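Colleague: Residue strings, one per chain:
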Amino acid sequence: MYPPKFDYYRASSVDEALSLLQQHGANAKVLAGGHSLIPMMKMRLAQPGVLIDIGRIDELKGIRVEGDTLSIGPLTTHAAIAASEDVQRLATALSDAASVVGDLQVRNRGTIGGNLAHADPASDLPAAVLALGGEIEARGPAGSRTIAADDFFQGLFTTALDENEIITAIRVPTGQGTRVSAYVKFPHPASGYAVVGVAAVLDIAGNKVTTARVAANGAFECAKRLAGVEQALSGADATAEAAASAAEHATDGFSADDFMSDIFASADYRAHLLKVYTRRALQKALERA
Amino acid sequence: MQISLTVNGRPYTVDVEPRMLLVHLLRDVLDLTGTNVGCDTSQCGACTVIMDGEAVKSCTVLAVQADGSDILTIEGLAKDGELHPLQEAFWNNHGLQCGYCTPGMIMTAYHLLQVNPNPTEEEIRHGLEGNICRCTGYHNIVRAVQEAAQRM
Numbered sequence: 363m364y365p366p367k368f369d370y371y372r373a374s375s376v377d378e379a380l381s382l383l384q385q386h387g388a389n390a391k392v393l394a395g396g397h398s399l400i401p402m403m404k405m406r407l408a409q410p411g412v413l414i415d416i417g418r419i420d421e422l423k424g425i426r427v428e429g430d431t432l433s434i435g436p437l438t439t440h441a442a443i444a445a446s447e448d449v450q451r452l453a454t455a456l457s458d459a460a461s462v463v464g465d466l467q468v469r470n471r472g473t474i475g476g477n478l479a480h481a482d483p484a485s486d487l488p489a490a491v492l493a494l495g496g497e498i499e500a501r502g503p504a505g506s507r508t509i510a511a512d513d514f515f516q517g518l519f520t521t522a523l524d525e526n527e528i529i530t531a532i533r534v535p536t537g538q539g540t541r542v543s544a545y546v547k548f549p550h551p552a553s554g555y556a557v558v559g560v561a562a563v564l565d566i567a568g569n570k571v572t573t574a575r576v577a578a579n580g581a582f583e584c585a586k587r588l589a590g591v592e593q594a595l596s597g598a599d600a601t602a603e604a605a606a607s608a609a610e611h612a613t614d615g616f617s618a619d620d621f622m623s624d625i626f627a628s629a630d631y632r633a634h635l636l637k638v639y640t641r642r643a644l645q646k647a648l649e650r651a
Numbered sequence: 522m523q524i525s526l527t528v529n530g531r532p533y534t535v536d537v538e539p540r541m542l543l544v545h546l547l548r549d550v551l552d553l554t555g556t557n558v559g560c561d562t563s564q565c566g567a568c569t570v571i572m573d574g575e576a577v578k579s580c581t582v583l584a585v586q587a588d589g590s591d592i593l594t595i596e597g598l599a600k601d602g603e604l605h606p607l608q609e610a611f612w613n614n615h616g617l618q619c620g621y622c623t624p625g626m627i628m629t630a631y632h633l634l635q636v637n638p639n640p641t642e643e644e645i646r647h648g649l650e651g652n653i654c655r656c657t658g659y660h661n662i663v664r665a666v667q668e669a670a671q672r673m
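Chain order of the listed sequences is L and F. Residue 611 in the working numbering sits at position 249 of the first sequence, with consecutive numbering throughout. Residue 533 in the working numbering sits at position 12 of the second sequence, with consecutive numbering throughout.
Calculated directly from the structure, the hints in this document are not laboratory data. Be aware that one or more of the hints could be misleading.
Residues from chain F shown here face chain L by an in silico Cβ test under 7 Å; the list is partial [claimed, not checked]:
#	residue
1	Pro-539
2	Arg-540
3	Gly-555
4	Asp-573
5	Glu-575
6	Ala-576
7	Val-577
8	Lys-578
9	Val-585
10	Gly-602
11	His-605
12	Gln-608
13	Asn-639
14	Glu-650
Small disclaimer: the values here were computed from a predicted structure and weren't measured. For every residue, glycine included, the Cβ atom is placed at its ideal position computed from N, Cα and C.
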């Protein structure tokens with residue numbers, strides 16, 4: 363099964379990629395690891411006339427700790443993120459999420475930048491990046507800008523990225539004091555994609571939760587914060603019981619129409635799973651405190 | 522577009538259409554038909570090869586992306602007429618039925634054992650998640666990887 367025909371350009375720098383993107387406009391797609399784009403092209407769900415391969419731009423790879431921020435190059439693979447001790451220690455939910463994307467071979471090729479830009483609702487990384495309060499740095503013809511993860515995911519396969527922009531970094535604050543986090547999901551038994559996945563990030567002082575950020579993917583058209591849970595946990599005891607009671611607020615503020623529904627899982631079932639997996643994510647994070 | 526790559530230690534320079542997939546380059550151009558196409562949708566893992574040291578699904582890699590790469594396929598495992606320990610372990614444990622998924626299973630297991638030379642049964646099963654076998658039920662495949670780990 364061949365993808366449709368396209369012209370192929372290999373960019374050796376971000377500037378070259380941006381100029382190619384400017385030149386070819388909406389007819390072009392950026393190719394990173396290709397593990398969302400190539401399958402879509404083979405299925406004729408995407409038929410770009412031009413592919414701009416950024417896969418060899420070394421400045422877009424790697425994981426760095428910069429003060430209280432973890433900076434991840436967009437071409438960093440899921441496997442590299444999952445294997446990074448810095449990510450495990452400083453952004454555990456992201457490490458959890460990266461380690462359960464697809465399978466071993468997919469994690470060896472798929473990249474965090476490609477994953478976030480693609481914004482598949484059932485993908486694992488968006489909830490983790492959102493719950494961790496991450497930022498996406500994007501560069502376009504007008505220069506660089508930083509987009510908060512809170513503003514980045516806008517809908518089904520839709521992000522705040524302009525079509526002539528490329529992600530140049532993903533930044534995750536590592537937090538002050540005791541921050542624990544976790545990501546858990548209910549994987550679709552055939553595809554492995556998240557039917558519902560929840561990331562929980564808790565700041566703990568003494569035996570109280572000072573701040574909670576909780577986000578889900580799979581449940582909605584894009585990753586979303588669970589405000590009801592966050593409010594219920596703010597100032598709550600850092601205990602499994604308090605987590606279980608807060609998880610009951612997972613669906614607060616959402617209506618039945620907000621939930622995805624398909625042949626495998628109805629909106630009702632996803633709403634149920636959201637509470638269950640919120641509880642599990644919170645409790646898993648607390649076990650790490 | 523002209524690309525150069527090394528496959529099983531042998532250098533090749535070939536002219537490919539940008540949309541050609543790595544698996545078709547291997548099978549149809551280089552005549553290395555040990556790598557199979559199964560689902561062709563990045564799920565079954567039959568097409569797994571080692572690219573620059575990592576297991577990848579060659580149905581989801583463009584040949585142009587493999588330009589300059591070092592590729593290892595199932596044909597490159599045996600040395601001087603001696604089967605690789607993984608191949609022998611699959612044989613000893615009957616880690617196959619029809620054999621279609623076997624090249625991909627072995628190449629993924631090869632990567633797994635490079636990264637984790639002494640995997641637990643659970644780690645083997647997690648590592649082989651991206652390889653689907655419709656015949657054996659995986660028990661003998663897992664045993665084969667366990668035996669290979671001991672011998673490698």
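Colleague: Hints the structure violates: just list their numbers, smallest first.
Modeller: Violated: hints 3, 4, 10, 11, 12, 13.
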